[in-house]
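Visitor: Residue-level listing of the chains:
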Amino acid sequence: MVNRFVKISVYKDERTTHCERRMAIRVYRRVNFRYRLLLAIFTGKQIVFDFSEEAHHSKLLKPNEISLLRLLDRITSGTQLQLDEAQRLITVQPGVLIGGNFTHHCSTCRGLTYYLEFLALLAPYCKRPLEVTLTGVTAHPLDTTVDTFQNVTISLLRKLGLGKDCSLKIKKRDSSSNGLGEVLFTCPIMLKALEPIEWKERQEIKRIRGVAYCSRIPPHIANQLIDNSRNILCEYLADIFIYSDWNPGGTDLPSVSLSLFAETSNGFVLGTDCSWKGKDWNEEILSSVSQEATQAILLQAIENSVVDTNHQLFICLWMALSSADLSTVELGRLTPCTIQLLRDIQDFMGVAFQIERGSKNNFPSVLCSCIGMEYRNENRRRY
Amino acid sequence: MEATSVPHHKPKTGKKAALKKASAKAERKLRSLGLEQVSHPNVPKKEKKAVSGPLGMQRKIKASAEKEMLRAHLAVPDRTGGHEAPRVVVVMGPKGVGKSTIIRCLVKHYTKKKVGEIVGPITVASGGKKRLSFLEVDGELPSMIDAAKIADLVLLVIDVSFGFEMETFEFLNICSVHGMPRVIGVLTHLDKIREGKKMKKMKKHMKNRFTNEITQGAKLFCFSGLTVGGEYLKREVQNLARFISVTKFKIITWRNEHGYILVDRLEDKTEESKDDNFGRTVAFFGYLHGTYLRFPRGSNFKMHLPGVGDVTVDDVAQLPDPCPLPYKEDGSSRRRKLSDKERAIHAPMGEISGISYDQDAIYINLPNQTVRLTGNIQPESEGEVMIRDLQQIKSSIDEKLQSGKLEILRQSLVNENSHSEDLSNSTEFLEDDASDIDSQEGCKENSLKEISDNGSEDQLENDAERTRFGLGSKNENERIIGKWKVAKDDLQVDSRPRNLTKWIYDKRLHPDEVCLKDLSSFIPSGSMETDCSRFVVTSQCNLLKDPNLKKRFSNSELVEENEDHSYESSQDDFTDEVSEYSSNDDSDVNKETFSDLSSEDSSPDEDNEDAASADSQEERIMKKTEKKMQFDAAYDAGALDKMSSEEDMSFDEAWKLRLAERESKRKQKLANLDEESRQMMEGFPPGTYLRLQVKDIPEDFMRYFNPFSPLILGAVKIGEEQFCHIRARLKRHRWKKGLLKCSDPLIFSVGWRRFQSIPVYSSEDQNGRNRYLKYTPEHLHCDATFFGPRMALGTGVICFQRLDGPNTSNFRVAASGYISEVNGDFNIVKKLKLVGEPLKVFKNSAFIRGMFHSDLEVSKYLGAKIRTVSGIRGAIKKPLKSPPGAFRATFEDKILMSDIVFLRAWVKVFLESYCVDVQDRLCPPSSEIRHLMKTLRELRVVQQIPIPRNEDSEYRTIDERPEQRYFRPLYMPPSLQATLPFSSKPKLIPAKEKQRLSSLEKEMSAVMDPKERKEQKMFQMLNTIRNERNKKRKMANKARLEVKRKEMEREEAERQQRIDERRKRRYTLRGAAKKRQKIID
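First to last, the protein sequences are chains Z and X.
Using the UniProt record's numbering, the letters of the first sequence map in sequence onto residues 1 to 383.
Using the UniProt record's numbering, the letters of the second sequence map in sequence onto residues 1 to 1081.
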């Protein structure tokens, strides 16, 4: 399964030691795997994942990681992946992002957004516009749902100036291990470096939208989820509308998910969600799903952040890539992932962030600012 | 055809001009009196148009707009720091043109100091806020290339007595590829031309050529001669200096994005114990030019040392400026002249300035002649004793201070458990509760006071009990929480860090721990291992009770207000995919979903709204009238005009404004930071004097170090270490002798790097296919694909076949172009024709042999299209059993046994992954550069291998023509004939030939009637007369020509005789002269 990747290139000629003298970055723990891979692609640096220090069961590559590496192989040209015999040392020498039009079957260990987020960050810097059909799980407890991606991530991408061509089409929903869910993600390429990002002072939330989805469960359950959520939210806001979507069957296990998106009056969109999959469902579980999603949106509301916690990583990466002027973004409390990413960005790109507390005391926030590395799309063709 | 009339020049001086002036004056006077001058009746008066035609105006506007657009360039943000870094003035010219003299004169002009030999760059303060670095460059290719990459201003020195030399043009060519700097030409050796007229001509010629080569109006200086002291005239040097000072320097894209150091000093810092053969550690010193130098903190990084390769920088330090700007930024002094003390000079390689700084030491350099050793004399005065004592001190004050222990805050070092080390480190940036009241306030101010309210311990335990769904997330949470607890128990300090940046970037702390300090009621739901960054609420009651929460939502009234403006604008942000759910018509897609939905959605609220609507309507009307009045007032005041002009700002202006805004924001932000975090954020600014310590430099570098060629350390931008295949649009230089052969190695100079690689030339066909080219086209661009380090698109590329070797009269620049694409692999194809011949021919199918060697090969090509020479198309069907490689193919028609069958295929050309740095700095000067590939031709010359000859490829005369072929007449079956239309049927009766008289007709001669007979006779008579006349004329002509011929012959004979006589006379005279000469000799 993994052997397909092994393209060992041997530079026999001692004069081409250039290639060997290149600095590789070695990382020891399975932390932010996706984002470290992304950083390696953006900087063109060789990265070595060393999992030998991990616990016994996670020493090998996980199926989702293999699937991600396959995906990387698809959208790049000239990528060299090497595994040592014990499969504990993975060397990735990223190639050139080419994008294009293809279908990829994702591992069902993780939701589709796991892969979509990876693609969304790479797609603007490809040689050709990306048009990819992914099949897999549309709602997974570990990842955000595809609805959140469609409404929040895409709107962020559009804010960067990618326009209406950037879109996600949910063709089929499925949360079973069969991985029959299908989405079509299209994204145009970016020709210039990102303009410095200056997103500050989010205003109050204007409206809330959402999608409740259930399968192998009676359709009124979705409405119940919606009602639960509305009951809490209507105390704060009138403009709430949550759609329901029901899949009669086709999955092995019953599943529900609720995604909520809040739009502020100056156009920022925050999204949260919660999904559940299991054998036995009861009222309690349903109420906890809706409660979790709803409370999460309230949490996003009270923080003075322009993006939700899940998209902190996106923003930080974009800031580091933007043109060499000052970018400032107001974020909520930083997650461990974000902190790790900030450290990695410094190691890979040399971009350091300046982080201060936000001005509004009642609403926790931090002001992150940095001077970008002016990353341009050098993969495109110039005529 | 109408000739375009060019008006004569109007006389400006002399009699005519005076007359014209007088008449014009008179006319004006008349006009002022209200009288019109009567025009001459014969001259038609030019019609004056009151209004020019619509097209004319349009054309005018278009033309001016086009002109403007041609001139326009989008402003580029300047990141080079203006005049902060010394400007590099490269004085370039071949040997013996007087470069050193120019530098010497200029340095003397600026600093009043005399310089001997010019070694390395010389930095001088040229004005209050300006510095110049002079650099001498001769005709060696590596130094020319390096100099072109860093030059801000080029002084091209040309020896007039010799004229232009190849090096000058080569240098200009290199410069134009790497970003054209400003160029000033300097003509020297003018005193060698004695004649005034010749000099004038020469100057004119030089000027013409120079302006052609650079740009119209390029400045050319003439240095008329030398003084007795061997310097140029003072006045002329002053003029040149003046021109240098007013030069406006360009922003060159490459240097706007890459920092670099022009090394003016270097020191071998290798430990003495190490062997000579070991890699050296060398410290490089120099001003930072270009842009900010940024690199990952705490780890070493790569820079490029042209002539060596990529090197690893160990250590970077900022040193005090050795040649400070006379006026500082805030300096209010507006003096016109620099005092002698301020005229600083810095040229450590030339050993001119006395003091040099290192990280930990200051060296005073005394010239040998000034050193007078005092020997061991007992110190006498008090000062002398102090100096002697100072000399004996072994450790500096800094070191003493560091070694001494001083407790500033006793309370900060309370912890002495196993984590004390971590803690004491973290306390550096932790606020101490007891000592600082501010921090306590800061802590209380924050909304996160739940810790104290609930007791964080209980809360965390609650969290742990809480179940999460999903795969093992519960375990994860517990693990994390457990970790937190441990961390929390250990960290007794309750205050939150003030300097978040340091806290976050402190690698000793796990990100979870960092979060802990800043979090209370949330835990991350996904850990870093699952690549997921979400927070989940843990204490719901707190959140819901938070009084601030309600403020974060706009209530319904607010929504109403916002609807007017912000709704429409922000609707675009929500993706329209949600519209799939809405039951609305598809035609309404443009209208965003939420506007529709909100109307649906707001139905329960409508009742309330109706009640309020009556009141609000009146309010709205009030507001509108007020707004209108405001508008009217503003309009009357003309404020609207101003407003519109701001909106109508041209794109260029708006862009410049935006750039300025960004720059000011950046400056403002950085000004508020302390030095360390400022450096962390933006790096070292250009103009700082840096010391870069580089390890593992080959020992040959120090051994063969040549201070006369410029030494650069260029920053390698992130991503430029990556190697991939690069495609460049390339054109062979028209002065380069011969074509460039595909797969012959070529030396590329791109960015800082110079490397040898193997290009494959190709051109793109109309259908997008990249077709392999054996040689570069003669006067066209082509694509060259080679392996190398990745560079930004559009970076200039210049190619050479050799950088070393003897100076030839040939032009050394092989080709130039720019990078157009990078990729992991490129598909370049070559046409391949496989040829076979029929073995056996059936009706439409045939057996073909000779195209392949085996069945396997055939089976790879099953279904491939084939074709005969005559154009009959077909396809490969199936391999035959014997002979091997034969196959069955079908064709659209029956082929002949004599036909040849082709298979046209495209084969991918293999791209070599070969790239080697040109390490000219590791070789002794003027020797061959090692480790470089040779071209095929060079190899043949070296190994004395003749060019291989293929007998078949030779040209020869073709004696035997292909045999004449006869074809059988076409046979058409009768059944087919019957069905054909008449026109296509073969005709049985042959076509009628020209009518001839048959024997019967001959016999049937007509009997003429009398009238006919008479006519016949008449014709006969007339014919006879004519014939007779013609006969006579012919005879006469013949006689006349005979006479004429005879006459001519006679004349010719006479002429010949005359010529002979003349010749004879001449030869006799010549013979006599020769004889005389012999006698004289």
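No lab work stands behind these hints: they were computed from the structure.
Just to be clear, a hint being listed does not mean it is correct.
Unchecked claim - Capping the alpha-carbon separation at 30 Å, the derived lysine-lysine pairs in DSSO-like fashion look like this:
| # | chain 1 | residue 1 | chain 2 | residue 2 |
| --- | --- | --- | --- | --- |
| 1 | Z | K192 | X | K831 |
| 2 | X | K669 | Z | K200 |
| 3 | X | K108 | Z | K200 |
| 4 | Z | K172 | Z | K200 |
| 5 | Z | K159 | X | K669 |
| 6 | X | K1034 | X | K894 |
| 7 | X | K831 | X | K878 |
| 8 | X | K67 | Z | K192 |
| 9 | Z | K159 | X | K667 |
| 10 | X | K341 | X | K108 |
| 11 | X | K248 | Z | K192 |
| 12 | Z | K200 | X | K551 |
| 13 | X | K248 | Z | K200 |
| 14 | X | K669 | Z | K192 |
Visitor: Hey, K192(Z) versus K831(X), does the alpha-carbon distance stay inside 30 Å?
Guide: violated (38 Å)
Visitor: Straight-line Cα separation of K248(X) and K192(Z) no greater than 30 Å?
Guide: Distance ~28 Å between K248(X) and K192(Z) Cα, so the pair holds.
Visitor: Mind checking the alpha carbons of K200(Z) and K551(X) for me, to see if they're no more than 30 Å apart?
Guide: holds (18 Å)
Visitor: Do the alpha carbons of K669(X) and K192(Z) lie within 30 Å of each other, as the hint requires?
Guide: Holds. K669(X) to K192(Z) sits at ~25 Å (cutoff 30 Å).
Visitor: Between K159(Z) and K669(X), does the CA-CA distance stay at or below 30 Å?
Guide: holds (24 Å)
Visitor: K248(X) and K200(Z) were given as a pair; does the straight-line alpha-carbon distance stay at or below 30 Å?
Guide: Violated - the C-alpha atoms of K200(Z) and K248(X) are around 39 Å apart, more than 30 Å.
Visitor: Under the criterion that the straight-line Cα-Cα distance not exceed 30 Å, is the pair K172(Z), K200(Z) satisfied?
Guide: violated (37 Å)
Visitor: Has the given pair, K341(X) with K108(X), been kept, meaning a C-alpha gap of at most 30 Å?
Guide: holds (14 Å)
Visitor: Is K831(X) close enough to K878(X), meaning Cα to Cα at most 30 Å?
Guide: holds (24 Å)
Visitor: Is it true that the CA of K159(Z) sits at most 30 Å from the CA of K667(X)?
Guide: Status holds; Cα separation ~26 Å.
Visitor: K108(X) and K200(Z) were given as a pair; does the straight-line alpha-carbon distance stay at or below 30 Å?
Guide: violated (56 Å)
Visitor: Between K1034(X) and K894(X), is the straight-line Cα distance small enough, at 30 Å or below?
Guide: Cα-Cα ~68 Å, so violated.
Hint check: violations occur at hints 1, 3, 4, 6 and 13; the rest are consistent with the structure.
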